[in-house]
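S.K.: Protein chains in written order, with the working numbering: chain C, 1 to 150; chain G, 1001 to 1108.
Worth flagging that the hints you see were computed from the coordinates, not collected in a lab.
Check before you lean on any hint, since a few could be wrong.
Per the computed footprint, the stretches of chain C lying under chain G, defined by three or more beta-carbons under 8 Å from a beta-carbon of chain G, are [stated by the list, open to error]:
#1 83-94
#2 120-129
#3 135-148
If you're wondering where the values come from, they're calculated on a predicted model, not measured in any experiment.
A virtual CB, placed ideally from N, CA and C, is assigned to each residue, including glycine.
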Amino acid sequence: MTSALAAPRSPYARAPRKNGVNWEKWGWLYMRVSGIVLVVLIFGHLFVNLMVGEGVSALNFAFVSGKLANPFWQWWDVAMLWLALIHGGNGMRTLVNDYATTRVARGILKSAILAAVVILIVLGTLVVFTFDACPAGQPADLLPTFCQAL
Amino acid sequence: MWSWVLHRITGVAIFFFLLVHILDTALVRVSPEAYNAVISQYQTPIMGLGEVALVGAIVFHAFNGLRIIAIDFWNAKYQRVLFYVVIGLWVVTMLAFVPRHLINVFSH
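Turn these sequences into a full structure, and let the hints steer you where they fit.
M.R.: Pasting the structure below:
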């Protein structure tokens, strides 16, 4: 255990940049602003999906597509998707910076976090805005009831 | 210190659940059968208990996050009493959630 962590408040190994954008400050502020919004969005998400009616037992394609056919829930879910993934990815980046001891390990882990965040934001956004609540040729009992009117 | 440790542990747990949860929800784009097959796995008794742990982690992370904001922008001298407020709000929220959720899980 010779590679001990540096003592708290020891000088930076590399001198901090004196000019340019202070990205760490904006990241710090993002965690707090997005955190407040996410408390509202996720508590609302959990209440509607787990507390109302029969909760988790009522979840199926008809329930989810019924919600996602409504622009209100589309934008609610897309806002959660972007805010939560960037918040979580930035949090994981902080942990990697704290606990991964070599430069190579930090690079690999942060690249993996960035790839996961970007891929899932693209995937989730495409799903929310391109999916069909009433796909053709599917059994009617699996679809939301409003599909019968089409 | 324990609030800081718990904030990190719950944060990592929520992050990995989020990755899986986006992938399972993306199955609505594949077919109703595919989505229903996977979501029914969330309705088993074992996963029902897992959802209690997940909601417990989210509620702690949420309330302790608001505590961190209060410490940073308002007044750090109340950090200890605010930690007890977080624990109290967590207990109240879980008392509202857990019985109702377990009834939904175990009565189906």
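S.K.: Quick check: do three or more residues in the region 120-129 of chain C have a beta carbon closer than 8 Å to a beta carbon of chain G?
M.R.: holds (count 5)
S.K.: Taking 8 Å as the C-beta cutoff, is the stated coverage of the region 83-94 of chain C by chain G satisfied by three or more residues?
M.R.: holds (count 6)
S.K.: With a Cβ-Cβ cutoff of 8 Å, does the region 135-148 of chain C contain at least three residues near chain G?
M.R.: Held - the region 135-148 of chain C has 5 residues with a Cβ nearer than 8 Å to chain G, which meets the minimum of three.
Hint violations for this structure: none, all hints satisfied.
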